[in-house]
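So the protein lines, in turn, are chains A and B.
For the first sequence, the positions run 1 to 293 when our numbering is used.
For the second sequence, the positions run 1 to 212 when our numbering is used.
Among the hints, erroneous ones may be present.
Said to hold, decoys possible - Only pairs whose alpha carbons sit at most 20 Å apart, straight line, appear in this in silico SDA-like list of lysine to any residue:
(1) B:K159 <-> A:D163
(2) B:K159 <-> A:G115
(3) A:K203 <-> B:N191
(4) A:K109 <-> B:N168
(5) A:K109 <-> B:V16
(6) A:K62 <-> A:M1
(7) A:K39 <-> A:K267
(8) A:K117 <-> B:I196
(9) A:K177 <-> B:L186
(10) A:K177 <-> A:P208
(11) A:K177 <-> B:P193
(12) B:K190 <-> A:E173
(13) B:K190 <-> A:G132
(14) B:K159 <-> A:N223
(15) A:K117 <-> B:R197
(16) A:K65 <-> A:E27
(17) A:K217 <-> A:T249
(18) B:K178 <-> A:E173
(19) B:K178 <-> A:D166
(20) B:K74 <-> B:N62
(21) A:K177 <-> B:A192
(22) A:K109 <-> A:I200
(23) A:K177 <-> B:R73
(24) A:K117 <-> B:V165
(25) A:K109 <-> B:E170
(26) A:K109 <-> B:K159
(27) B:K190 <-> A:I200
Said to hold, decoys possible - Here are some of the chain A residues that sit facing chain B, going by a computed Cβ distance under 8 Å:
(28) E9
(29) G10
(30) D106
(31) L165
(32) D166
(33) V170
These are calculated hints, taken from the structure and not from any lab test.
Virtual Cβ for every residue (Gly too), placed ideally from N, Cα, C.
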Amino acid sequence: MKVTDLFKEGKFVVSAEVGPPKGIHIEEMIESAKKYLTKIDAINVTDNQSSVMRLGSLAVCKALKDEGFNPIFQMTCRDRNRIALESDLLSAAMFGIDNVLALTGDYTKLGDHPGAKPVFDLDSVSLLYTMGQLEQGIDLGGQPLEGEAPTFAKGAVVSPCSDSLDAQLVKMERKIKAGAQFFQTQAVFDSERYIKFAEIAKKEFDVPIQLGIIIPKNAGMCNFMNNNVAGISIPASIIDELKADKERTKAGITGTEIAARIIRECKDYCQGAHIMTLGWEDKIPSLMEQAGL
Amino acid sequence: MLITQLKAKETIDALVVGKAFILNCFGCKEVYFPEKCATELQKELSDAGKVTGILTMDYICNPENLKLHLEARKDEIAAADVVLVFSCGVGVQTVAGLLEDKKVVAACDTLRLPGFQGVTPQEFDCDQCGMCFLNGTGGICPITACSKSLVNGQCGGAKNGMCEVDPNMECGWERIQKRLTKLGRLDILKNAPVQIRDYSTDDATKECKQSE
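Looking at chain A on its own, in the form it has when it is part of the complex (with noise of 0.2 Å):
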């Protein structure tokens, strides 16, 4: 089902995100998002997130698929040529997976095979503009694909929290021309930052974005987060609320709290939300329920 059609019919769209492990069995992962993931209207499978070699995003979409969920397919242009590319969307599109998120991938060096070779042939707006090629029935090379085309939700990612919002907004217009339907945000953790954003994203592109969550383990995390990872900025007030009681940080509860608290001050600014577990599926439920979702 195509995250689209549900923007569409006016519905704030929910999704979850899961990280392939490094090894063949997903039992406990599909488990997992049967008993937490229930009330999400998609999953993301993030591919070699972080640039660390893992199962394959195409391979884990299609058993979520076939348990009955719907995957977004999350796509980098780190590790694939433009011939792989868009094998994989054909791949994809003939599984049935229509939901594609394209991402142009964090660097090689910065994974667990840094000595790799960074391929980016494409990046994240040819690939979009790829996507719209194919769906016309035509590949990148120029020759006709056989029979009905692919028709796929061609989704994109922005920060609104970056440093270099300017340049966040040129690339966003950039992948709206070549084809973005939907973007899920970076994750938001100052909501006025992100409220000033999306004024401007609205105002000037009207497109259906879903606000990034990230439920906050503790202090430490923020703090890595804010030092390291480009395009978060966490404030000083909520570190200082994840440091107020140790032991109710530690069962989730607080961040839990705060990451409600984020998505009910930015509600009448999105379309959805995008929540990255990093390991807390079995938050979602009453994160979603103190959101009022």
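Fit chain B to the supplied structure of chain A, relying on the hints for placement.
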């Protein structure tokens, strides 16, 4: 070795909006330069009254030397809407670096030839990709200034303006954004067509030689 090849005439015509100051670099022995085609094209532009001046010199990649020459021709440069550079990618970037408030555009694509690379003083780098992107980026090369060599904009990995791959390197696309903002030409970036690189340019060196 490297080869410079003129961009298509329509491309160059579209670049020259208003009047142009033309800069030729004939200097580098390691560069094969399409002198005849360039001269013909420049004569055409000149006859059409679109040229404020032509400067032909050696090694425009040497910024100290170039600065003196540009200073001597500053009135002609000021009278021009665009500075049209016939050189390899290093030369264009050197000119754009010195004329930050001017629209500096490349009339050539630079292609790779195997072998000796020359011993020019290089503050900038040209990867000899064969499809020079400098005209859409304010004269800053996205192939060499971006760790991922992205051609459609910033990746989102920059933190405080620095690259995710090398924290000591400024994000090339933020530099491009700043340069185009300064020139008041952010529209170039917003309206650029989707760029996809052509990696088959190895063979183009032969075609280029034949066309001379």
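Structure-based check of each hint:
Proximity of B:K159 to A:D163 is assessed by CA-CA distance (about 7 Å); at most 20 Å being required, the pair is judged to hold. A C-alpha spacing of about 23 Å is found between B:K159 and A:G115, which places the hinted pair above 20 Å, so the restraint is violated. For the suggested pair A:K203 and B:N191, the alpha carbons sit about 18 Å apart, so the restraint of at most 20 Å is met. Taking the CA atoms of A:K109 and B:N168, the gap is near 15 Å; set against the 20 Å cutoff, the hint holds.
Distance hint between A:K109 and B:V16 is unfulfilled; the C-alpha atoms sit about 42 Å from each other, more than 20 Å. With a CA separation close to 13 Å, the supplied pair A:K62 and A:M1 stays within the 20 Å bound. A threshold of 20 Å between alpha carbons decides the hint, and for A:K39 with A:K267 the separation of about 18 Å falls inside it, so the pair holds. The hinted pair formed by A:K117 and B:I196 meets the criterion: a straight-line CA distance of about 19 Å does not exceed 20 Å.
With a C-alpha separation of about 15 Å, the suggested pair A:K177 and B:L186 falls inside the 20 Å cut-off, and the hint holds. For a cut-off of 20 Å, the pair hint linking A:K177 to A:P208 stands: about 15 Å separates their Cα positions. Taking the CA atoms of A:K177 and B:P193, the gap is about 9 Å. The hint holds against a cut of 20 Å. A hinted pair counts as satisfied when its Cα atoms are at most 20 Å apart, and B:K190 with A:E173 qualifies at roughly 7 Å.
A distance of roughly 19 Å separates the Cα atoms of B:K190 and A:G132; the hinted pair therefore holds under the 20 Å criterion. Straight-line distance between C-alpha atoms of B:K159 and A:N223 comes to about 14 Å, which keeps the hinted pair within the 20 Å bound. Restraint check: the Cα-Cα separation between A:K117 and B:R197 comes to about 17 Å, which is no more than 20 Å; the hinted pair holds. Note on A:K65 and A:E27: the hinted pairing holds, with a Cα-Cα distance of about 14 Å set against a maximum of 20 Å.
About 7 Å separates the Cα atoms of A:K217 and A:T249, which keeps this hinted pair within 20 Å; it holds. Distance restraint check for B:K178 and A:E173: the Cα-Cα separation of roughly 17 Å lies within the 20 Å cut-off, and the hinted pair is therefore satisfied. Taking the CA atoms of B:K178 and A:D166, the gap is near 10 Å; set against the 20 Å cutoff, the hint holds. Distance hint between B:K74 and B:N62 is fulfilled; the C-alpha atoms sit about 18 Å from each other, no more than 20 Å.
Between A:K177 and B:A192 the alpha-carbon distance is near 10 Å, which keeps this suggested pair within the 20 Å criterion. Of the supplied pair hints, the one linking A:K109 and A:I200 is violated, its CA atoms being roughly 34 Å apart against a limit of 20 Å. At roughly 41 Å between alpha-carbon atoms, A:K177 and B:R73 are farther apart than 20 Å, so this suggested pair is violated. A distance of roughly 14 Å separates the Cα atoms of A:K117 and B:V165; the hinted pair therefore holds under the 20 Å criterion.
Of the supplied pair hints, the one linking A:K109 and B:E170 holds, its CA atoms being roughly 17 Å apart against a limit of 20 Å. Of the supplied pair hints, the one linking A:K109 and B:K159 holds, its CA atoms being roughly 16 Å apart against a limit of 20 Å. Taking the CA atoms of B:K190 and A:I200, the gap is near 16 Å; set against the 20 Å cutoff, the hint holds. Taken as an interface hint, A:E9 does not check out: its beta carbon lies about 29 Å from the nearest beta carbon of chain B, beyond 8 Å.
Because the beta carbon of A:G10 sits about 29 Å from the nearest beta carbon in chain B, more than 8 Å, this interface hint is broken. Because the smallest distance between the Cβ of A:D106 and any Cβ of chain B comes to about 7 Å, under 8 Å, the interface hint for this residue holds. Of the supplied interface hints, the one on A:L165 is violated, with its beta-carbon coming no nearer than about 11 Å to a beta-carbon of chain B, more than 8 Å. Taken as an interface hint, A:D166 checks out: its beta carbon lies about 6 Å from the nearest beta carbon of chain B, inside 8 Å.
Annotation: interface hint on A:V170 holds; nearest CB of chain B at approximately 6 Å, less than 8 Å.
Hints 2, 5, 22, 23, 28, 29, 31, counting from the list given before, are not met by this structure.
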